[in-house]
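Protein chains in written order, with this note's numbering: chain A, 1 to 239; chain B, 1 to 491; chain C, 1 to 116.
Keep in mind the hints are simulated off the structure, nothing from the lab. Keep in mind that a hint or two might mislead.
Straight-line distance between alpha carbons at most 27 Å, and here's what the computed DSS-like set of lysine-lysine pairs gives [what the hints assert, rightly or not]:
#, chain 1, residue 1, chain 2, residue 2
1, B, K164, C, K27
2, B, K164, C, K113
3, C, K32, B, K164
4, C, K113, C, K32
5, C, K27, C, K113
If we take Cβ atoms under 7 Å as the criterion, some of the chain B residues that face chain A in the derived model are [said to hold, decoys possible]:
#, residue
6, P6
7, A17
8, I71
9, W111
10, S114
11, S145
12, S189
13, A193
14, A196
15, P207
16, L210
17, A429
Covered, in the sense of this in silico footprint (three residues per stretch, anywhere, with C-beta under 8 Å from a C-beta of chain C), are these stretches of chain B [stated by the list, open to error]:
#, region
18, 174–183
19, 389–402
Note that beta-carbon positions come from the ideal geometry of N, C-alpha and C, so glycine has one too.
If you want the building blocks of each chain, they are given just below.
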Amino acid sequence: MRQALVAITVAIAAVPMLLAVAGLPRPGDAQAPVHTHVAARYVAEGARETGAENLVTGVLLNYRALDTFGEVMIIFTALAAVMAVLSSAAPRRPEDDAPGIASAIPISPVVAFIIRLTAPFIAVFGAFVILKGHVSPGGGFQGGVILGALLMLLSLVLGRGLERPLLPVPLARWLQAAGPLAFAAVGMLGLALTGALLGYPAGPDQQLLRELMVIVLELGIGIGGAAIILGLFLEMRGD
Amino acid sequence: MVHWLPLAAFVPLVAGALTPALAHGRPGLARGWALAVTAFCIFATAALTRRVALEGPFSYAMGGWAAPWGIELRFDEFSAAALFICVIMLLVLCFSGPYVRRAVPAARITWYYSLLLVNLGGMIGFVVTADLFNLFVFMELVAVSGYALVAVGGGRTAALAAFKYLMAGAVSSALILFCIGVLYALTGSLNMADVALRLATVESRAPVLLALAGMTAGFLVKAGLFPVHVWLPDAHAIAPTPINAVSSALLVKLGIIGLLRIFPLFGAAGVVSLAPLYEALAWLGAISILAGAFFALFQQDIKLMLAYSTISNIGYIVLGLGLAGELAVTGASIHVLNHALIKAALFLAAGAMIHQSGYRTLHDLRGIGRVMPWTTLALLVGALSIVGLPPTAGFLGKWYIALGALEAGRPGFAVAVLGGALLIFIYFARMLNAFYFRAPSHEEMLAVREAPASMLGPVLLLAALCVLGGLFGRWPVLLIAPGVSRLVGGG
Amino acid sequence: MAGLWGNIDYAAFVVLFCIGLYIIIAKQNLIKKLLGLNIMETAVFAFIVTSGMVDGGTAPIVGAGATGPFASPLPHALILTGIVVAVSITALALSLIIEIYRQCGTIEADELKGAE
Numbered sequence: 001m002r003q004a005l006v007a008i009t010v011a012i013a014a015v016p017m018l019l020a021v022a023g024l025p026r027p028g029d030a031q032a033p034v035h036t037h038v039a040a041r042y043v044a045e046g047a048r049e050t051g052a053e054n055l056v057t058g059v060l061l062n063y064r065a066l067d068t069f070g071e072v073m074i075i076f077t078a079l080a081a082v083m084a085v086l087s088s089a090a091p092r093r094p095e096d097d098a099p100g101i102a103s104a105i106p107i108s109p110v111v112a113f114i115i116r117l118t119a120p121f122i123a124v125f126g127a128f129v130i131l132k133g134h135v136s137p138g139g140g141f142q143g144g145v146i147l148g149a150l151l152m153l154l155s156l157v158l159g160r161g162l163e164r165p166l167l168p169v170p171l172a173r174w175l176q177a178a179g180p181l182a183f184a185a186v187g188m189l190g191l192a193l194t195g196a197l198l199g200y201p202a203g204p205d206q207q208l209l210r211e212l213m214v215i216v217l218e219l220g221i222g223i224g225g226a227a228i229i230l231g232l233f234l235e236m237r238g239d
Numbered sequence: 001m002v003h004w005l006p007l008a009a010f011v012p013l014v015a016g017a018l019t020p021a022l023a024h025g026r027p028g029l030a031r032g033w034a035l036a037v038t039a040f041c042i043f044a045t046a047a048l049t050r051r052v053a054l055e056g057p058f059s060y061a062m063g064g065w066a067a068p069w070g071i072e073l074r075f076d077e078f079s080a081a082a083l084f085i086c087v088i089m090l091l092v093l094c095f096s097g098p099y100v101r102r103a104v105p106a107a108r109i110t111w112y113y114s115l116l117l118v119n120l121g122g123m124i125g126f127v128v129t130a131d132l133f134n135l136f137v138f139m140e141l142v143a144v145s146g147y148a149l150v151a152v153g154g155g156r157t158a159a160l161a162a163f164k165y166l167m168a169g170a171v172s173s174a175l176i177l178f179c180i181g182v183l184y185a186l187t188g189s190l191n192m193a194d195v196a197l198r199l200a201t202v203e204s205r206a207p208v209l210l211a212l213a214g215m216t217a218g219f220l221v222k223a224g225l226f227p228v229h230v231w232l233p234d235a236h237a238i239a240p241t242p243i244n245a246v247s248s249a250l251l252v253k254l255g256i257i258g259l260l261r262i263f264p265l266f267g268a269a270g271v272v273s274l275a276p277l278y279e280a281l282a283w284l285g286a287i288s289i290l291a292g293a294f295f296a297l298f299q300q301d302i303k304l305m306l307a308y309s310t311i312s313n314i315g316y317i318v319l320g321l322g323l324a325g326e327l328a329v330t331g332a333s334i335h336v337l338n339h340a341l342i343k344a345a346l347f348l349a350a351g352a353m354i355h356q357s358g359y360r361t362l363h364d365l366r367g368i369g370r371v372m373p374w375t376t377l378a379l380l381v382g383a384l385s386i387v388g389l390p391p392t393a394g395f396l397g398k399w400y401i402a403l404g405a406l407e408a409g410r411p412g413f414a415v416a417v418l419g420g421a422l423l424i425f426i427y428f429a430r431m432l433n434a435f436y437f438r439a440p441s442h443e444e445m446l447a448v449r450e451a452p453a454s455m456l457g458p459v460l461l462l463a464a465l466c467v468l469g470g471l472f473g474r475w476p477v478l479l480i481a482p483g484v485s486r487l488v489g490g491g
Numbered sequence: 001m002a003g004l005w006g007n008i009d010y011a012a013f014v015v016l017f018c019i020g021l022y023i024i025i026a027k028q029n030l031i032k033k034l035l036g037l038n039i040m041e042t043a044v045f046a047f048i049v050t051s052g053m054v055d056g057g058t059a060p061i062v063g064a065g066a067t068g069p070f071a072s073p074l075p076h077a078l079i080l081t082g083i084v085v086a087v088s089i090t091a092l093a094l095s096l097i098i099e100i101y102r103q104c105g106t107i108e109a110d111e112l113k114g115a116e
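Here chain A stands alone, though its shape is the one from the complex:
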């Protein structure tokens, strides 16, 4: 009964939204303001001005770099948030969990073997996606997630309750801050070179420097993202 009431209310709320989207320009129309205004310059000049053939990377890391910086900060904040909610001084043992949480899922040796076998290939692919992100589909976030997923798989294989964590905690904290640090470094460099925070040198002979700055940012985002994803996983699991 209650669910029916909620369904009716939501359906009524949907009507103004449907009317609204009916009034929008048709998606796919090449004359829509989406394509004729800001995006036209991105498409026409983007590769030349930003040094990135992947225009999405050009928009993310050059034209709208502040948004990407905010995004990197949000990933970090997710880690800080999960730590603030879950961490406690005493290490949790599997016996502490409430009944129902499957604490120690034994991993089959076949799965463990396959993971160990494919891990190097996955790592190379992740690194490739990060580094080639400015000329082909990919980028720091995508590669970072691939590497993060790989690290999660490996931590499943290695099991819980290691006597010492694989990475000393201070180092892990610095790695997790790699994204914002990369932005700070490149931002200050841009400030020194061009007089605008997060700016890029614009001359045609500085193409290499531009690409280098983009790669540093991608690496920072990728490594930071991977470290944060692993940190999230380990914290939620209770290590």
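Knowing the structure of chain A, use the given hints to seat chains B and C on it.
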């Protein structure tokens, strides 16, 4: 230096990310680091405020790309709120030292300071950006850190309160993002001034109406207006008191500032008129004033009482915006700043009492005025301010809003303003009567001592600012007057 | 201006948005509510990306030999940021649910309300 503008938001964010790395295992260092960074932000925002007072609004193109191809940061008169945000955050950080040692599990303290720095950077970025999507990004930064800080104290109900807060916040954020997408599909741009220009030539009415209504609704949920306030009382009751101060004084004001940012977008649009929206806002504000004050009367827990008082005061601000005259909008804007000071003072004073005595309800805190005279004095000053007695800070905002109601020919709303003040007076009188004149309910109350200096200092300073803000209230009014005229004239 | 049938893509995403909203309000299990939130957010992202599409277009990568109308890169950048935001909120919400389960032993909203 012109680069203060992006650095004011950039530095606290990077500093927040570095806090766990730098201060691993040393919470005292984390607090010192946070204090130092916030002091830097006060310096930067003060320089920016001085510049806008002398020269008027100015912009900064991120990365050297001019708007609308890049992100533009624009510091106008309303962005001066950043200075208030930094000052209040500094005092909250100072207060947090002894408080969190008792209220927050030790492993989480470094993350607490990291999240507060991120929160600060997000708030500063929110008030200085002139790009719609950038606004969303900073809003989410503030939101995620805010949700976590509600639950940082641990305890049985903290996580659930934080979860409800997260749901309400995330749904409103999704709605706001949807409306940003609609505006983008209509205009092809994300820069606020550019969108305003292009909306004027759009012909189809329904999408513009939806964008306006959706964004307003989203920001009102974040502001905690009645009836979409339901996340606020739980979040305030459970969170550690310094976080309550940040939530009530600062976070809900971001919803209001969001409204101030989006109304000019639609002002020039020929297809919609803002008048029905303003009418609805005025009514919702008036209802919120009375409902918030009414619910506060029934609360025994001091933090819940203050939380409902926040809902009531947000009602004042929204009423002022809805009346849309120059006096009323000035009153609303001034009250955004003054209420931040007053609520921070009240919450920190209450926090000091809770910290020292261990009790939270009006009944249990009886007689505390005798053993913690300075803190209770600060509470008294804050109470006088929030009722709106001259010459304290709360008077000016409410006076302008009431005058604005009379000027617009709506005396009923002026009655609502007065009625709210009367209700507030009743519950604060009841509270102070219990604190000063009643005998203590518990033996231990006689042994309670005054709060330590790092907690008492911010409390007294904020109480003093409540009085100073009233005595020197003309200055903020003069500062934001050009911004208000632009807002009222264009919309 | 294209009418509802011309913008059928947008209409589908609005329906998805409302389905997500329904799940958040109507379902009691906290994880289901979180899934409803994810559905809502995904609907918004799909809406934004679709607005950047162009007839007969390809991905906005201007390498050697890439021709033809390109989709607008701006919505892609926007939703990349949006997806990261959604992931962060989901991570925090999941950790809150873990903490709720550890403290209260249940993650059904009606049981939690009764226990408060």
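We went through each hint and held it up to the structure:
1. Between the alpha carbons of K164 of chain B and K27 of chain C the distance comes to roughly 14 Å, so the proposed pair stays at or under 27 Å and holds.
2. As the CA atoms of K164 of chain B and K113 of chain C are separated by approximately 12 Å, the hinted pair is consistent with the 27 Å bound.
3. Under the criterion of a C-alpha separation no larger than 27 Å, the hint pairing K32 of chain C with K164 of chain B is consistent with the structure, at around 14 Å.
4. With a CA separation close to 17 Å, the supplied pair K113 of chain C and K32 of chain C stays within the 27 Å bound.
5. Proposed proximity of K27 of chain C and K113 of chain C is supported: the alpha carbons are some 14 Å apart, at most 27 Å.
6. With 7 Å as the threshold, the beta carbon of P6 of chain B comes within range of chain A, its nearest partner Cβ sitting at about 5 Å, so the hint holds.
7. With 7 Å as the threshold, the beta carbon of A17 of chain B comes within range of chain A, its nearest partner Cβ sitting at about 4 Å, so the hint holds.
8. Below 7 Å, beta-carbon pairs count as interface contacts, and I71 of chain B has one with chain A at about 5 Å; its hint therefore holds.
9. At about 4 Å, the closest approach between the beta carbon of W111 of chain B and any beta carbon in chain A falls short of 7 Å, and the interface hint on this residue holds.
10. Hint status for S114 of chain B: holds, given a least beta-carbon distance of 5 Å to chain A, under 7 Å.
11. Residue-level restraint check for S145 of chain B holds (minimum Cβ-Cβ distance to chain A is 5 Å; threshold 7 Å).
12. Hint on S189 of chain B holds. Least Cβ distance to chain A is approximately 5 Å, under the 7 Å limit.
13. Taking 7 Å as the C-beta cut-off, the interface hint given for A193 of chain B is violated, the closest approach to chain A being about 13 Å.
14. Because the smallest distance between the Cβ of A196 of chain B and any Cβ of chain A comes to about 14 Å, over 7 Å, the interface hint for this residue is violated.
15. Hint status for P207 of chain B: holds, given a least beta-carbon distance of 5 Å to chain A, under 7 Å.
16. Interface restraint check: L210 of chain B against chain A, minimum CB-CB distance 3 Å, threshold 7 Å, status holds.
17. The interface hint given for A429 of chain B is broken, as the beta carbon of that residue sits about 38 Å from the closest beta carbon of chain A, more than 7 Å.
18. With a threshold of 8 Å between beta carbons, the proposed coverage of the region 174–183 of chain B by chain C holds, since 4 of its residues qualify and at least three are required.
19. Here the region 389–402 of chain B counts 0 residues with a CB under 8 Å from a CB of chain C, which misses the bar of 3, and the coverage is violated.
When the structure is compared with the earlier hints, violations turn up for hints 13, 14, 17 and 19 and for no others.
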